[in-house]
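Q: Here the protein sequences come in this chain order: A, B, C and D.
1 is the number of the first residue of the first sequence in full-length UniProt numbering; add one for each residue after it.
1 is the number of the first residue of the second sequence in full-length UniProt numbering; add one for each residue after it.
1 is the number of the first residue of the third sequence in full-length UniProt numbering; add one for each residue after it.
1 is the number of the first residue of the fourth sequence in full-length UniProt numbering; add one for each residue after it.
The reader is advised that the hints may include incorrect statements.
Remember, identical chains collapse to one label, so a pair may be satisfied in a single copy or spanning two.
Below, in silico cross-link-like pairs of lysine to aspartate or glutamate (DMTMM-like), each with a Cα-Cα straight-line distance of 25 Å or less [what the hints assert, rightly or not]: (1) K25 - D318; (2) K408 - D104; (3) K298 - E283; (4) K298 - E248; (5) K25 - D343; (6) K408 - E249; (7) K358 - D304; (8) K358 - D201; (9) K408 - D61; (10) K3 - E60; (11) K298 - E249; (12) K358 - E87; (13) K298 - D233; (14) K298 - E330.
Keep in mind that the hints were calculated from the coordinates and are not lab data.
Protein chains: 4
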Amino acid sequence: MEKRINSLVDQMYPSLQEWRRDFHKYAESGWVEYRTASKVASQLAAWGYEVKAGREVVAEDARMGVPPQEFLRAQEQRALSQGAVAEWLPQLSGGFTGVVGILDTGRPGPTVAFRVDMDALDLQESGELDHLPAAGAYASVNPNMMHACGHDAHTAIGLGLAYVLSQCKDELHGRIKLIFQPAEEGVRGAKAMVEAGVADDVDRLFASHVGTGVPLGEVVCGAYGYLATTKLDVTYRGVAAHAGGSPEEGKNALLAAASAVMNLHSITRHSGGNSRINVGVLEAGSGRNIIPNRAAFKLETRGDTTEVNEYILSRALDIIQGSAQMYGVESTIEIVGKAGSSDPSPELLPYIHAQAGKVPEVTSVVESISAGGSEDATYLMERVKQNGGLASYVVFGTTLAAGHHNEKFDIDEEVMKIAVKTLALCALNIHELAAPIMADAR
Amino acid sequence: MEKRINSLVDQMYPSLQEWRRDFHKYAESGWVEYRTASKVASQLAAWGYEVKAGREVVAEDARMGVPPQEFLRAQEQRALSQGAVAEWLPQLSGGFTGVVGILDTGRPGPTVAFRVDMDALDLQESGELDHLPAAGAYASVNPNMMHACGHDAHTAIGLGLAYVLSQCKDELHGRIKLIFQPAEEGVRGAKAMVEAGVADDVDRLFASHVGTGVPLGEVVCGAYGYLATTKLDVTYRGVAAHAGGSPEEGKNALLAAASAVMNLHSITRHSGGNSRINVGVLEAGSGRNIIPNRAAFKLETRGDTTEVNEYILSRALDIIQGSAQMYGVESTIEIVGKAGSSDPSPELLPYIHAQAGKVPEVTSVVESISAGGSEDATYLMERVKQNGGLASYVVFGTTLAAGHHNEKFDIDEEVMKIAVKTLALCALNIHELAAPIMADAR
Amino acid sequence: MEKRINSLVDQMYPSLQEWRRDFHKYAESGWVEYRTASKVASQLAAWGYEVKAGREVVAEDARMGVPPQEFLRAQEQRALSQGAVAEWLPQLSGGFTGVVGILDTGRPGPTVAFRVDMDALDLQESGELDHLPAAGAYASVNPNMMHACGHDAHTAIGLGLAYVLSQCKDELHGRIKLIFQPAEEGVRGAKAMVEAGVADDVDRLFASHVGTGVPLGEVVCGAYGYLATTKLDVTYRGVAAHAGGSPEEGKNALLAAASAVMNLHSITRHSGGNSRINVGVLEAGSGRNIIPNRAAFKLETRGDTTEVNEYILSRALDIIQGSAQMYGVESTIEIVGKAGSSDPSPELLPYIHAQAGKVPEVTSVVESISAGGSEDATYLMERVKQNGGLASYVVFGTTLAAGHHNEKFDIDEEVMKIAVKTLALCALNIHELAAPIMADAR
Amino acid sequence: MEKRINSLVDQMYPSLQEWRRDFHKYAESGWVEYRTASKVASQLAAWGYEVKAGREVVAEDARMGVPPQEFLRAQEQRALSQGAVAEWLPQLSGGFTGVVGILDTGRPGPTVAFRVDMDALDLQESGELDHLPAAGAYASVNPNMMHACGHDAHTAIGLGLAYVLSQCKDELHGRIKLIFQPAEEGVRGAKAMVEAGVADDVDRLFASHVGTGVPLGEVVCGAYGYLATTKLDVTYRGVAAHAGGSPEEGKNALLAAASAVMNLHSITRHSGGNSRINVGVLEAGSGRNIIPNRAAFKLETRGDTTEVNEYILSRALDIIQGSAQMYGVESTIEIVGKAGSSDPSPELLPYIHAQAGKVPEVTSVVESISAGGSEDATYLMERVKQNGGLASYVVFGTTLAAGHHNEKFDIDEEVMKIAVKTLALCALNIHELAAPIMADAR
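Here chain A stands alone, though its shape is the one from the complex (with noise of 0.2 Å):
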């Protein structure tokens, strides 16, 4: 069965390689991948797999950072016009951008799901011709929209991973679960999709990345130590007053945020791990000779635990409404991301070892490597880890161009196979894996 596998993901390659290059050219930042989502829901659906999509599978008040509606509207309108199939686009309209397939084998076993990304990031891509996208006219077309991540190879792994998978069905056990999410740029996404039910059915999930400074043919069988992170949009608003003519008229709300910036990085350390606190953006004010009235900053809180970032949080709370009290100026605080720390499961690391040691292409697999970072795959682990499941954050190196986030990352396209032969055999043997099962419970 290995063979078949093998054999089928090399003769795929080349969709491999036009899905990814496709998603790439029409990068789409997070909350927006109408266009990525419903190609996704739509080649699902034509493989015979259960599609779920937008509302379903995204709880609306627990997405974070989607933008506002015009701008929603607007992208849905370009990805109409850039190919978005049209009959999906009805349940992804709104920001509800994501996309969950079911292929239920009917044979008892395990719920195995795969955490497959999809958005872009806000950066505009290189046009110079050393850059490979560039040359081979696939850079997007989306201004300030670039997949310098990899999650245009994570969606087509994604793909292949469904398409490989249905053709193997009468080999597997119990059901596979696809979760494509929208929005993990800026740890947005997952949470909407958790508190949406997704995750509860879980036993065994594989969460995935690729690159993060692996080499080409190596698997890595779980990443640990992602940072709990948190991100806070803050704007005060203030009164503004002719600064020579009458300042005591005014609320100063600039003031305001630079005594809340100087006393946010004073925050204390905690004896429970290592902590981080960054404003990172901050605009103030309107005119020299006007007392400002608005200021707006963009912050991040992170730390080693999640209780560690939850006391560098409510210590920025408490900070960020005492300046505002200050000053007289009222503030709106809003959470625009977040995500916690979640450690892969030991019991799971040996059995992605080895299913990675019978892929041809890979030359080394490690057992564990240290995260920077923040990922809110998390919120999917810790959700199954809680229900008495496993889950691991599985790397699959490649040569990289440039680093993450430059805008002339690019990938070895070779990682793709890697990954799709992988993750199908962790589905394929999953019964190999001694391990309680909720399915046993239910």
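Fit chains B, C and D to the supplied structure of chain A, relying on the hints for placement.
A: Quick look at chains B, C and D alone, frame taken from chain A:
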């Protein structure tokens, strides 16, 4: 009659000197003027004045910056040992060291009041022999209490005036009221006497001061522009914690105070006039490696007008509370001193000018000057003016050995003659001043 | 002769309106008044004035707040397309948009100068029909440039005055000098004309303004109390770094700016007069998770006197540099505007009073008012006064549709009549003013 | 031989108690351990040790946080009056209270050193009778000096060890070196002994501590993770001025300090490990209405590694100097304590484990624990390790009446038996430890 007054004052000059040097030697700071006040009360009674003292003339809750009970008790003992008049102490006990003497002529006419402040500064007097009080053995024997602002002379002038007027009773009209006030330094005492009603029946009020840069022989009829001011003591209480081991358990009172200090000094100017703010003292923390759980700071606000000062004060309170909220510390804010702004009644200036002109030792009379600093006589002046009366703040020039509040401050005692004579004439001729009096309305 | 002037001005009123509306429609902001200045130069030459323009009258290095070269070039093209007089453009090119017209009567007498400012504000004019210029189709066609302070009327008045005086040349004495200044908004242009020497030979200077709250028909002979001011643009450049992965590699320009802002607002008051400081605009950082490597802020200082302003400025520079040192960031500080304080010469006020009194439309003449805000005419006034000459700042009242710097600002054009008549009389009768002139010393 | 040691120690236990209680009663804080050090020196000499003391073993310029000369002199007098051994005082005078005792066996073998710290804390000991030293009349008689960290026991253990080893000299190899160090509290003394060369010839170093949360009967072979730390005292000197009358003449040291405090706490985290910063004490200003001309604050930095600590320190110095520049105040920065991070040599741990296992009273031996806080024994350990030697930090558990640094801190004295026995065995069997020694290379 002017001659009679001249001659009376010339004769009593040795007594004026003796009184002044006695008060100088036994300098008593605010709210503990037990010896001074008891001597004043005793003399006034001896000269036929109706005397009110203690709680009758000092409203308990309106007192500001009263020292702790222990200190009050110890000082009362000290005063007794230094010759306080024992029979008056029970009335003054507990920090109620105000005295009012009333002389009713029985003849129709206004109530004419004189305000006299009696307290010394918290300052160690110089013991060097180029300092006349030290050379003359009447430097203060009370540690860290010194008459470095001339209130010793004020008290002597008040007594001299009381004596002269008692001798001229048959030539006077209306009622004479001598208001001996405690705790002018730090602007703590006047409000309590006003709240006790001592200014409610006053038609004409003469507050006065010696020195302030005016040369000997010159009389200023009205000083205007005293800054409204508020004195605040703030304490923050947080939670201590080991700064290395568990910093997150602390609530940092020092950081809260540093933030408050920065923001207090940032309070925007007011277009209605000059303002000031100063945090003059800050003490916080107990050990280098402990998150500081306590911080205390002393500040003052000032404004050209009461409105401007209230604006600064109101903003300051917001900031002090906002900073406490930022750091989750508890704040205690105590107003330990307060004075408004009150300008002289213009109608009174020519009258004072005329009286001063009759005093042989006066070489120059100036209508008005701009004052610096703050004075709580403004409370009495405002009350009188609100009731339809007239009030002024008269300055009697004198040669100074060193500036006010300096450890070698000293005056030319000749000024006492000029002051007693001028103020006595102000009382004597008050019926010549054509202006409505409350008595008319009564 | 007064009658002749009255009649000349009455006849030319339609031209005044036409000029003003033309300048209003083609509003040009500071240093790009190419169209306005070329038209002024062309007219002055046509009326027999010796005309100096560009670098002759604008010292290159003393200009402040000059826009980038690209903008200057684009605006020159724009001006040409809007009817600028091509032959004058080469002289004005590169942001040298000052013009001086000189009329030498050949008769002995002082050099009498009038200062006229020509620039518009950076403001988008209202297009609503209750705004007269919009209804009359002469609202500004240049985006974000609007005559919302009356300099369009000033330029028209200057032209009208030039014409009238050219017609009365035989009745005049001494020399007439009309100084058309660029970039008064932001107090950027006067210094460069002073440094070029345009005020060095002036014996009598009349600066003027319309509106400012004074009613139509009223003339104010001298506005005093313009605040000395400095406008500063500050940029901090640090080093970006990933806020989660390697924060220690960054140098945080946003924190440096927040610290500077806090401390700038904390600068202690000066006992020599009122002061102001305001950081009106701050922009910093590029992304939430990036240590901000750039911050830019705009501030202004003000003082009742030049000394007070210099004190605030000097402290501000210490703080800006100290904060940069704190964070290891590089700072660039550009002074983009500056004006001193200069009060009218008292000797000139009765003279102006007399001339205004002769104008039929004038219903009230006021000796002086206290001005708010800042004006760089003070540079010219100071230079004239330093040389022994006399200078004043005359205000011609007018009805305003909305306040200065408002998008619906508009004047009653009648004021132009009053202004031209009054100023023409000031030139005509200047020999009646008995005061030394530099010409005597020459 | 183990038996001999057991028996020797059991016999001398009353002496250990007597010594410990004597040192406890006459507690001496850092750099004034005149009585303690003179007694140690005298005993070592009596037992046949070569004794070095004072400047021989304490490098003058490398001492940190030395009290003022006056205090040193007064304390030397105090020590003499409390029974210091007079003949040793001249060597120790002036704050050179280190002592080293050397026992050369004449037999080949490594130089084995033991580090003993002798100083008390700045703390007032409890006088309540539930505090054993108070009940037993051996509470500290020196005000504000208390052995609340166990260094009294350390000194007694050091003496006991010296005695036992002197008795077993014929069974020992190599050289024994007992290093009695002053001023460990505040991490002030070790560096000066290292700079004087006392660790240069050491092949095996055993530093040790009692308590720290480890139970009685348990021995920890190596404590790792002491935080690198720096202790700083900062003073700002500005210029005083009257806050109402002439604030612009002041240079505000309190504001400079508040700004420094805010920015110090804002120092960005380091990705290389945990860090800490704390301003624990701040005192500034002299009077409410005076611009504060003086501010002093105490801070400490810490880091998981010396590199992280140096990063925080370097940033702190920039901020302290930048804030001084902001306010034009002069800054004085004194490093009053410093320690690095140094982990135990792994090769030494099994050896210590084996020795501790031979001690009858030991019930449990633990390989290693993670330490909190900081220790300047790390300086000695680093020097030994740099020279190719081995070093560890051994913890001997004991029951504590209250936590370290508490006014009721007390130990179970039984621990002294365990410590002397274990350390004596470590010396005795050192030839069994197969590891290179410098002697081989000599």
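Q: For K25 and D343, with the copy left unspecified, which applies at a CA distance of at most 25 Å: within, between, both, or neither?
A: neither (34 Å within a copy, 53 Å between copies)
Q: Checking K358 and D304: alpha-carbon separation at most 25 Å within a copy, between copies, both or neither?
A: The answer is neither: 34 Å in one copy and 41 Å across copies each exceed 25 Å.
Q: Between K408 and D104, at a C-alpha cutoff of 25 Å, which is it: within one copy, between copies, both, or neither?
A: neither (41 Å within a copy, 68 Å between copies)
Q: Is it within a copy, between copies, both, or neither that the alpha carbon of K408 lies no farther than 25 Å from that of E249?
A: between (50 Å within a copy, 23 Å between copies)
Q: At most 25 Å between CA atoms: does that hold for K298 and E283 within a copy, between copies, both, or neither?
A: both (9 Å within a copy, 12 Å between copies)
Q: Measure nothing new, just compare the shortest in-copy and cross-copy C-alpha distances for K408 and D61 to 25 Å and report within, between, both or neither.
A: Result: close neither inside a copy nor across copies, 35 Å intra and 43 Å inter.
Q: Within a copy, between copies, both or neither: which one fits K298 and E248 at a CA-CA cutoff of 25 Å?
A: between (28 Å within a copy, 20 Å between copies)
Q: When no copy is named, should K298 and E330 be tagged within, between, both, or neither for a Cα gap of at most 25 Å?
A: both (16 Å within a copy, 23 Å between copies)
Q: Between the shortest in-copy and the shortest cross-copy C-alpha distance, which are at most 25 Å for K298 and D233: within, between, both, or neither?
A: For K298 and D233, the Cα distance is within 25 Å both inside one copy (5 Å) and across copies (23 Å).
Q: Is it within, between, both, or neither for K25 and D318, if the alpha carbons may be no more than 25 Å apart?
A: Classified as neither; 44 Å inside a copy, 48 Å across copies.
Q: I want to check one pair: K358 and E87. Are their C-alpha atoms no more than 25 Å apart within a copy, between two copies, both, or neither?
A: neither (40 Å within a copy, 80 Å between copies)
Q: Treating 25 Å as the Cα threshold, decide for K3 and E60: within, between, both or neither.
A: Neither: 43 Å inside a chain and 77 Å across chains, both beyond 25 Å.
Taken one by one, the earlier hints fail for this structure at numbers 1, 2, 5, 7, 8, 9, 10 and 12, listed in ascending order.
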